[in-house]
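Peer 1: Given next are the chains, with one letter for each unit.
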Amino acid sequence: EADIYQTPRYLVIGTGKKITLECSQTMGHDKMYWYQQDPGMELHLIHYSYGVNSTEKGDLSSESTVSRIRTEHFPLTLESARPSHTSQYLCASSPSDLSTNEQFFGPGTRLTVL
Amino acid sequence: SQQGEEDPQALSIQEGENATMNCSYKTSINNLQWYRQNSGRGLVHLILIRSNEREKHSGRLRVTLDTSKKSSSLLITASRAADTASYFCATDPTGTASKLTFGTGTRLQVTL
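Just so you know, the sequences run in chain order A and B. Under this note's numbering, the final residue of the first sequence carries the number 114; numbering is consecutive throughout. Under this note's numbering, the final residue of the second sequence carries the number 1112; numbering is consecutive throughout.
Incorrect hints may appear among the rest.
Below, a list of computed lysine to any residue pairs in the SDA-like style, where the Cα atoms sit at most 25 Å apart [what the hints assert, rightly or not]:
id	chain 1	residue 1	chain 2	residue 2
1	B	K1099	A	S99
2	B	K1069	B	I1047
3	B	K1026	A	R82
4	B	K1099	B	N1030
5	B	K1099	A	Y50
6	B	K1026	B	L1061
Note that these hints are calculated values from the structure, not bench results.
With the hints as constraints, model all of the structure from the sequences given.
Peer 2: Shown next, in the form of structure tokens:
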């Protein structure tokens, strides 16, 4: 089992609140990713990072922001949550020395915005 | 549009039967990977096949890749109830610098 953690696992919050979803990995991986996944649907890449102080937007536009101050930590923040942000958010990591880009996933955070 | 399309979208079989899922993609790839997702959980990597490989085995899993048709298949033999999950293919397209593109997934239900 991969050493990548996400907290909280479930979050129910009201519209307009600021939230931060945490993602940490203990594998020393340089590359980290955030995906958004609606139930039963495909994954959409919303943010990625190749290392400390590197962040890029993914293929799906998102109002969230990310930071990468430490190798092991890649939090995602929503400044003002809306019902349209309701979804599952998956964090993943991948080592730079692996040419195959195999990714290791956390358990996910299921976010519900009322 | 989505790089990977999978079919069927859902598959229901009995324990002991084989399950086959297919994945089609659009661009050149370095490799293609298959992941499994249990309900409400993260994805787990199952098997990877490189663009210069045609077939690969891992336990009860068999993956094939046809780059001329831009398609792959995942075969699970002698399925078990514990195989019930969603299965996603993911392509590592050439020139996209470490980003995978995931397919739409196949939901597999294995009944006793």
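Peer 1: Look at each hint and say if it fits the structure.
Peer 2: Going down the list of hints, with the structure as the test:
no., hint, in the structure
1, K1099/B - S99/A, "holds (12 Å)"
2, K1069/B - I1047/B, "holds (20 Å)"
3, K1026/B - R82/A, "violated (34 Å)"
4, K1099/B - N1030/B, "holds (11 Å)"
5, K1099/B - Y50/A, "holds (10 Å)"
6, K1026/B - L1061/B, "holds (24 Å)"
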